[in-house]
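Chains H and Z are the protein sequences, given in the same order. Taking our numbering, the leading residue of the first sequence gets 131, the next gets one more, and so forth. Taking our numbering, the leading residue of the second sequence gets 131, the next gets one more, and so forth.
Be aware that a few hints might be false.
Copies of the same chain look alike in the list, so a pair counts if it fits in one copy or across any two.
As the list claims (entries may be wrong) - Below, simulated DSS-like cross-link-like pairs (lysine-lysine); rule was C-alpha separation at most 25 Å, straight line:
no.	residue 1	residue 2
1	Lys335	Lys292
2	Lys335	Lys312
3	Lys447	Lys393
4	Lys337	Lys292
Note that these hints are calculated values from the structure, not bench results.
Protein chains: 2
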Amino acid sequence: MNADEFRRRGKEMVDYVADYLEGIEARQVYPDVEPGYLRPLIPPTAPQEPDTFEDIINDVEKIIMPGVTHWHSPYFFAYFPTASSYPAMLADMLCGAIGCIGFSWAASPACTELETVMMDWLGRMLQLPEAFLAGEAGEGGGVIQGSASEATLVALLAARTKVIRCLQTASPGLTQAAVMEKLVAYASDQAHSSVERAGLIGGVKLKAIPSDGKFALRASALQEALERDKAAGLIPFFVVATLGTTSCCSFDNLLEVGPVCRKEGVWLHVDAAYAGSAFICPEFRHLLDGVEFADSFNFNPHKWLLVNFDCSAMWVKKRTDLTGAFKLDPVYLKHSHQDSGLITDYRHWQLPLGRRFRSLKMWFVFRLYGVTGLQAYIRKHVQLSHEFESLVRQDPRFEICAEVTLGLVCFRLKGPNSQNEALLERINSARRIHLVPCRLRDQFVLRFAICSRTVESAHVRLAWEHIRGLAAELLGAEKE
Amino acid sequence: MNADEFRRRGKEMVDYVADYLEGIEARQVYPDVEPGYLRPLIPPTAPQEPDTFEDIINDVEKIIMPGVTHWHSPYFFAYFPTASSYPAMLADMLCGAIGCIGFSWAASPACTELETVMMDWLGRMLQLPEAFLAGEAGEGGGVIQGSASEATLVALLAARTKVIRCLQTASPGLTQAAVMEKLVAYASDQAHSSVERAGLIGGVKLKAIPSDGKFALRASALQEALERDKAAGLIPFFVVATLGTTSCCSFDNLLEVGPVCRKEGVWLHVDAAYAGSAFICPEFRHLLDGVEFADSFNFNPHKWLLVNFDCSAMWVKKRTDLTGAFKLDPVYLKHSHQDSGLITDYRHWQLPLGRRFRSLKMWFVFRLYGVTGLQAYIRKHVQLSHEFESLVRQDPRFEICAEVTLGLVCFRLKGPNSQNEALLERINSARRIHLVPCRLRDQFVLRFAICSRTVESAHVRLAWEHIRGLAAELLGAEKE
Ligand SMILES: Cc1ncc(COP(=O)(O)O)c(C=O)c1O
Ligand SMILES: Cc1ncc(COP(=O)(O)O)c(C=O)c1O
Numbered sequence: 131m132n133a134d135e136f137r138r139r140g141k142e143m144v145d146y147v148a149d150y151l152e153g154i155e156a157r158q159v160y161p162d163v164e165p166g167y168l169r170p171l172i173p174p175t176a177p178q179e180p181d182t183f184e185d186i187i188n189d190v191e192k193i194i195m196p197g198v199t200h201w202h203s204p205y206f207f208a209y210f211p212t213a214s215s216y217p218a219m220l221a222d223m224l225c226g227a228i229g230c231i232g233f234s235w236a237a238s239p240a241c242t243e244l245e246t247v248m249m250d251w252l253g254r255m256l257q258l259p260e261a262f263l264a265g266e267a268g269e270g271g272g273v274i275q276g277s278a279s280e281a282t283l284v285a286l287l288a289a290r291t292k293v294i295r296c297l298q299t300a301s302p303g304l305t306q307a308a309v310m311e312k313l314v315a316y317a318s319d320q321a322h323s324s325v326e327r328a329g330l331i332g333g334v335k336l337k338a339i340p341s342d343g344k345f346a347l348r349a350s351a352l353q354e355a356l357e358r359d360k361a362a363g364l365i366p367f368f369v370v371a372t373l374g375t376t377s378c379c380s381f382d383n384l385l386e387v388g389p390v391c392r393k394e395g396v397w398l399h400v401d402a403a404y405a406g407s408a409f410i411c412p413e414f415r416h417l418l419d420g421v422e423f424a425d426s427f428n429f430n431p432h433k434w435l436l437v438n439f440d441c442s443a444m445w446v447k448k449r450t451d452l453t454g455a456f457k458l459d460p461v462y463l464k465h466s467h468q469d470s471g472l473i474t475d476y477r478h479w480q481l482p483l484g485r486r487f488r489s490l491k492m493w494f495v496f497r498l499y500g501v502t503g504l505q506a507y508i509r510k511h512v513q514l515s516h517e518f519e520s521l522v523r524q525d526p527r528f529e530i531c532a533e534v535t536l537g538l539v540c541f542r543l544k545g546p547n548s549q550n551e552a553l554l555e556r557i558n559s560a561r562r563i564h565l566v567p568c569r570l571r572d573q574f575v576l577r578f579a580i581c582s583r584t585v586e587s588a589h590v591r592l593a594w595e596h597i598r599g600l601a602a603e604l605l606g607a608e609k610e
Numbered sequence: 131m132n133a134d135e136f137r138r139r140g141k142e143m144v145d146y147v148a149d150y151l152e153g154i155e156a157r158q159v160y161p162d163v164e165p166g167y168l169r170p171l172i173p174p175t176a177p178q179e180p181d182t183f184e185d186i187i188n189d190v191e192k193i194i195m196p197g198v199t200h201w202h203s204p205y206f207f208a209y210f211p212t213a214s215s216y217p218a219m220l221a222d223m224l225c226g227a228i229g230c231i232g233f234s235w236a237a238s239p240a241c242t243e244l245e246t247v248m249m250d251w252l253g254r255m256l257q258l259p260e261a262f263l264a265g266e267a268g269e270g271g272g273v274i275q276g277s278a279s280e281a282t283l284v285a286l287l288a289a290r291t292k293v294i295r296c297l298q299t300a301s302p303g304l305t306q307a308a309v310m311e312k313l314v315a316y317a318s319d320q321a322h323s324s325v326e327r328a329g330l331i332g333g334v335k336l337k338a339i340p341s342d343g344k345f346a347l348r349a350s351a352l353q354e355a356l357e358r359d360k361a362a363g364l365i366p367f368f369v370v371a372t373l374g375t376t377s378c379c380s381f382d383n384l385l386e387v388g389p390v391c392r393k394e395g396v397w398l399h400v401d402a403a404y405a406g407s408a409f410i411c412p413e414f415r416h417l418l419d420g421v422e423f424a425d426s427f428n429f430n431p432h433k434w435l436l437v438n439f440d441c442s443a444m445w446v447k448k449r450t451d452l453t454g455a456f457k458l459d460p461v462y463l464k465h466s467h468q469d470s471g472l473i474t475d476y477r478h479w480q481l482p483l484g485r486r487f488r489s490l491k492m493w494f495v496f497r498l499y500g501v502t503g504l505q506a507y508i509r510k511h512v513q514l515s516h517e518f519e520s521l522v523r524q525d526p527r528f529e530i531c532a533e534v535t536l537g538l539v540c541f542r543l544k545g546p547n548s549q550n551e552a553l554l555e556r557i558n559s560a561r562r563i564h565l566v567p568c569r570l571r572d573q574f575v576l577r578f579a580i581c582s583r584t585v586e587s588a589h590v591r592l593a594w595e596h597i598r599g600l601a602a603e604l605l606g607a608e609k610e
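Here chain H stands alone, though its shape is the one from the complex:
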């Protein structure tokens, strides 16, 4: 395919994309296919000679679309949102064309420098403490990671290196293994599974601290665990606090937990994967209070800030903690000194070596929406979730299971788990809307997350009527 054909096919694809998104409401949100559906529809080997573009586009509708879960349908209320916007898609096209790999400053200076500045823009939108910004010559700074999971892992590894290095300086004979055996990381029992996984990968113990009645991590429970473990000769080194937990969007008490971490000299990482986007609105900024105690902070613009996947925004107060994380030898420290100057080599901030020019997406989205446009977007979603909440509250057969703060509503029938499982089964089998469940303590709970960029009050009301109808059917059937 040459440039001329790309001009033609590219424009057709732009129309296909626009048609898809304009018409997405008419597509069934969750597919009917069975596992293994696709293989028989596709030849067992790649063609020797080229197929035509028409063949492929036809196959997209015939083979791919029937197996797609339409995450951007206004009837998709599952998981958390994943971002999608036209400006981000335009930026992605440019990113693909430039196609540079920005692992070091020299590998493409614009790629590195725009990222640093965009992370400062975003940090200022959130009113992050200056210490997290790169500014002209700060010690902190931001980096785009591929996912919140990677950010948590990178933070844990940085904290691990720091504590090992510190203890080895104090007792030169100490082996790394001897330290690692005693290291303990902490998170609440509501933390995302990626935290547990970071512990497994990093080869350190992770302890789940019981959350309180509002599913929040509190100082007392954390302090108790720390005391117990220290008394047993273990070494607490890392705490993850979650703002906006995956199950019910609860908030760990950062203003309590932060001072404990500071006092104990433990690295505090704040994971606000979903909720972080909301902090650009002054009325939600208080939810981030206490971030000044954190060593690292992360959230996903690719969830709720209109920047298509992948774009996970991470800040640290000391860049050298991150850049030193992957090297234990002191020779490296000399090199990392360069890094506190103007030259940033982002390969030292992340797990992979290669990286795309992802900051273009942020630049396009922030400029084409403006801060007010982004705030309006967040507010609309929060308003829709409150609308759904009030509908649920009006129906005495249902209950709300956790405080509704942002765009997620946890609810259930006031009945046994089995009834709620049956209801969810009916909802997802009907294919009109798509939800996923969660467990809160021993309750089976339905999660209604406002997801789509184009979801409106009408969709939310329709979804509720549909759920009510299925609940009535279910309860009626049970009576018979």
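Here the structure of chain H is known, so what remains is to put chain Z with the ligands in place on it, guided by the hints.
What follows is chain Z with the ligands alone, placed relative to chain H:
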């Protein structure tokens, strides 16, 4: 921005992309900017109200392009290639529009199933042993990782879990830390830095084995290291063999190393990040001989197979080794059993949770080029590197430093390192072409990598004339 405006702007962007790539030869391949150039050109905060699209597109030329290293210029001969093709860009547009996150089968069945089938297609193109394919009901299978670095880390973690579990089964009292302290991974002294990093992250020792005169890992050196470490009470568990090393594209001797790993019961991971793409040509397939001994194999279609970043193809012989890697508890094993059926949850195969619909890029590229088109592309690059090699060989002032097998030529002036450093400095300062150096033993060496999709014999000849001219200047200046 609504769908109508996206139709308009998207088509403008398609033209911008085509113009950029058609005109890339006229752009200076390496930018003139100094560190910190960008920040003063951009406001310190995001705009409150939206900017216009024209503003942004103007700024792309004014602010971004002057700082871009043009990786797709036919005068770019640095690092290794990074893939770029129109079909991949079209697929990426579609991927962005669908915008699904394919962490589990249910999250978007087509996303998971096309990936499994495309990895089988690609595996068959390479004539990978059947054991690596998913097929209808195989135990192996492929997954798209974001980078070769992640693939190596995932393989190391899987091997680590496997050996720990195995030793703990034999001696139930053994702690994880007690095992980890003794684990040793191996790679040649030519292996990519990501291997060392995987060791650091995984908290295990990594030993560099001296390569032979052709920069290849041989059985004898490996066996010697294994014996020494076993005698010292250590536990060898993981070997990385590289096919196509980063410095000089040398090949570890897989047919020797493989049997050693098998005999010792050590996990063998094969990293063919760059070279792997060439194995689709029958005349290069012999370079992959011995892969039948490997437990995992990886290469980057996003380097040399026309699939835009990111797309790193990884296969394993036993899927359950990977899917079990992030969990040590036996309860999980029960669950992993589901995974051997038709349902694949790719989140258990990788570090991040989220994942894009990347297999669309493979599907578009494989179908629109056909296997013959892809082979022709590889062959053209290899031919160009041999052309450059023969030009270098005709000039008695220069020498070739390593065997030229694929698209990389390592060469230098027959003189001291300082002379070659000075030559590289002149080359990169002149900005006509872009190269990066490497070290081979104690020699400073220039790497000439065939990179761009559009590079032709004329560019290679021009580059050589340019290098010769600069060398003549340098040698003349030295004489004076
Ligand atoms: C609180 C929290 N942390 C982490 C994650 C994982 O995000 P990612 O897919 O970016 O790794 C999620 C995903 O929903 C989340 O809700
Ligand atoms: C042999 C080898 N392995 C690994 C890598 C790292 O690749 P990635 O950027 O995909 O992590 C490279 C990069 O050039 C390489 O040459």
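So, going through the hints one by one against the coordinates:
Taking identical chains as interchangeable, the C-alpha atoms of Lys335 and Lys292 lie at most 25 Å apart whether they share a chain (17 Å) or sit on different chains (18 Å). In this homomeric assembly, Lys335 and Lys312 come within 25 Å of each other (Cα to Cα) both inside a single copy, at 8 Å, and across copies, at 19 Å. For a Cα distance limit of 25 Å, the shortest separation of Lys447 from Lys393 inside one copy, 17 Å, qualifies, whereas the shortest one across copies, 49 Å, does not. Taking the closest pair of Cα atoms, Lys337 and Lys292 come within 25 Å of each other both inside a single copy (20 Å) and across two copies (23 Å).
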